[in-house]
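Heads up: the sequence shown begins at 1 in the working numbering, then just goes up one per residue.
Derived from the structure by calculation, the hints contain no laboratory data.
Since the structure is predicted, the reported quantities are computational estimates derived from the model, not experimental observations.
Any given hint might turn out to be false.
To be verified - For lysine to aspartate or glutamate, the following EDC-like pairs were computed, each having C-alpha atoms within a straight-line distance of at most 16 Å: (1) Lys72 <-> Asp200; (2) Lys259 <-> Glu85; (3) Lys44 <-> Glu85; (4) Lys182 <-> Asp99; (5) Lys182 <-> Glu104; (6) Lys221 <-> Glu248; (7) Lys72 <-> Glu195; (8) Lys259 <-> Asp99; (9) Lys182 <-> Asp200.
Said to hold, decoys possible - Pairwise CB distance ranges, derived in the manner of DEER restraints: (10) Lys128 <-> Ile22: 32 to 42 Å; (11) Tyr131 <-> Asn167: 43 to 53 Å; (12) Phe118 <-> Leu178: 15 to 25 Å; (13) Tyr95 <-> Tyr54: 30 to 40 Å; (14) Trp40 <-> Ser102: 36 to 46 Å; (15) Tyr78 <-> Glu43: 20 to 30 Å; (16) Ile51 <-> Thr18: 43 to 53 Å; (17) His61 <-> Val153: 11 to 21 Å; (18) His61 <-> Phe118: 19 to 29 Å; (19) Thr239 <-> Ala57: 27 to 37 Å; (20) Lys217 <-> Tyr54: 23 to 33 Å; (21) Gly14 <-> Ala84: 39 to 49 Å.
Glycine included, each C-beta is placed from N, C-alpha and C at the ideal position.
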Amino acid sequence: MVRKFIKSDDALVGIIVTILIIGLFLVVTAIIESVYVPQWLEEKEADHMHIVSYQFAQLKHSLDILSVIEQKNAISVYINLGTAEIPIFGSGRTYDYLDILSDECVVEIANDTDSFSFPLGTVSFSSKNSYYVDQSYIYEAGALILSQSDANVLNGKPLFSVTNFTNVTFNIINISGLDGKKFAGGYGTYSIYLEYLNSDYYSIEDFRFINITTNHKNAWKIFFNSTTLRYSALTYDITNTASGISVEFSGPLGNLILKTTDIAAQIAPGWIE
Numbered sequence: 001m002v003r004k005f006i007k008s009d010d011a012l013v014g015i016i017v018t019i020l021i022i023g024l025f026l027v028v029t030a031i032i033e034s035v036y037v038p039q040w041l042e043e044k045e046a047d048h049m050h051i052v053s054y055q056f057a058q059l060k061h062s063l064d065i066l067s068v069i070e071q072k073n074a075i076s077v078y079i080n081l082g083t084a085e086i087p088i089f090g091s092g093r094t095y096d097y098l099d100i101l102s103d104e105c106v107v108e109i110a111n112d113t114d115s116f117s118f119p120l121g122t123v124s125f126s127s128k129n130s131y132y133v134d135q136s137y138i139y140e141a142g143a144l145i146l147s148q149s150d151a152n153v154l155n156g157k158p159l160f161s162v163t164n165f166t167n168v169t170f171n172i173i174n175i176s177g178l179d180g181k182k183f184a185g186g187y188g189t190y191s192i193y194l195e196y197l198n199s200d201y202y203s204i205e206d207f208r209f210i211n212i213t214t215n216h217k218n219a220w221k222i223f224f225n226s227t228t229l230r231y232s233a234l235t236y237d238i239t240n241t242a243s244g245i246s247v248e249f250s251g252p253l254g255n256l257i258l259k260t261t262d263i264a265a266q267i268a269p270g271w272i273e
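Generate the whole structure from the sequences, applying the supplied hints.
Structural data, given as structure tokens:
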């Protein structure tokens, strides 16, 4: 009888220990999932945003090269969409979006007698993060813009120069998407295929206005307030409009050479998981 009693105690102790171990495991797992996993995922999403920032810088560099060399060449640039889940825990996968948008930005150049308007297509990346702040990267009219919440900043300037203190050369780039190849969403690596089409030049004497229709007013203000214009002999004033910004120049007025470059673009899947 004594032996049986001892065996019963041993069995009971074993059950209690097992329950405690399971409980401890569940507590540790809950702590990891509620405290550490969100931190890991936020860091993972932040790293992904840095990668996309670099990839969009490469996109701008490629478009600038195509515009400058003016030859029938093509370049592919890769963009990563989304982040993978954390192994074991199986959580954290995100999905992003990549768009080629038509007529999303308009550049207008005007003097006292004439006005020239150029609708431009753009390339846009939008994140759908779970923990890190959502960001968008936009390439429009030759500028690279980072948009976050209600704010936006300039990450890369368009091709713009001032010579003889008052003469301006401004290169704007129009992205035209191929039907059925203008959008990608999800998780994976996608390529944007870029092909040079043509360039046109316009000479505008005594230009007075550069108007930009855009959703990213602050980024363009940063550009026009950059050293390129500040240290020229041009006097200008920047005002907000309902649809963008207006830059008004006052004497002495110069001449503006506007170069427009058309680039065909299509989004195609690279490798997708």
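Taking the hints in turn, this is what the structure says about them:
1. Note on Lys72 and Asp200: the hinted pairing holds, with a Cα-Cα distance of about 15 Å set against a maximum of 16 Å.
2. A C-alpha spacing of about 45 Å is found between Lys259 and Glu85, which places the hinted pair above 16 Å, so the restraint is violated.
3. At roughly 10 Å between alpha-carbon atoms, Lys44 and Glu85 fall within 16 Å of each other, so this suggested pair holds.
4. For the hint pairing Lys182 with Asp99, the CA-to-CA distance comes to about 6 Å; that is within 16 Å, so the pair holds.
5. The hinted pair formed by Lys182 and Glu104 meets the criterion: a straight-line CA distance of about 13 Å does not exceed 16 Å.
6. Between Lys221 and Glu248, the direct Cα distance comes to roughly 12 Å. Compliance with the 16 Å bound is thereby established for this hinted pair.
7. As the CA atoms of Lys72 and Glu195 are separated by approximately 7 Å, the hinted pair is consistent with the 16 Å bound.
8. Between Lys259 and Asp99 the CA atoms are separated by roughly 24 Å; this puts the pair beyond 16 Å, and the hint is violated.
9. For the suggested pair Lys182 and Asp200, the alpha carbons sit about 24 Å apart, so the restraint of at most 16 Å is broken.
10. Between Lys128 and Ile22 the C-beta distance comes to about 36 Å, which sits within the given range of 32 to 42 Å.
11. Between Tyr131 and Asn167 the C-beta distance comes to about 49 Å, which sits within the given range of 43 to 53 Å.
12. Evaluation of the 15 to 25 Å hint for Phe118 and Leu178 yields a pass: the beta carbon distance comes to about 21 Å.
13. In this structure, Tyr95 and Tyr54 break the distance hint of 30 to 40 Å, their C-beta atoms being roughly 20 Å apart.
14. At about 39 Å, the CB distance of Trp40 to Ser102 agrees with the hint of 36 to 46 Å.
15. Under the hint 20 to 30 Å, the C-beta atoms of Tyr78 and Glu43, about 23 Å apart, fit the expected range.
16. Between Ile51 and Thr18, the C-beta spacing of about 45 Å keeps the proposed range 43 to 53 Å intact.
17. Checked against the given bound of 11 to 21 Å, the beta carbons of His61 and Val153, roughly 19 Å apart, stay inside it.
18. Here the CB-CB span from His61 to Phe118 is close to 22 Å, well matched to the stated 19 to 29 Å.
19. For Thr239 and Ala57, the hinted distance range of 27 to 37 Å is satisfied, since their beta carbons lie about 30 Å from each other.
20. Range check, Lys217 to Tyr54: Cβ separation about 26 Å, and the 23 to 33 Å hint holds.
21. For the pair Gly14 and Ala84, the beta carbons lie near 40 Å from each other, so the given range of 39 to 49 Å is met.
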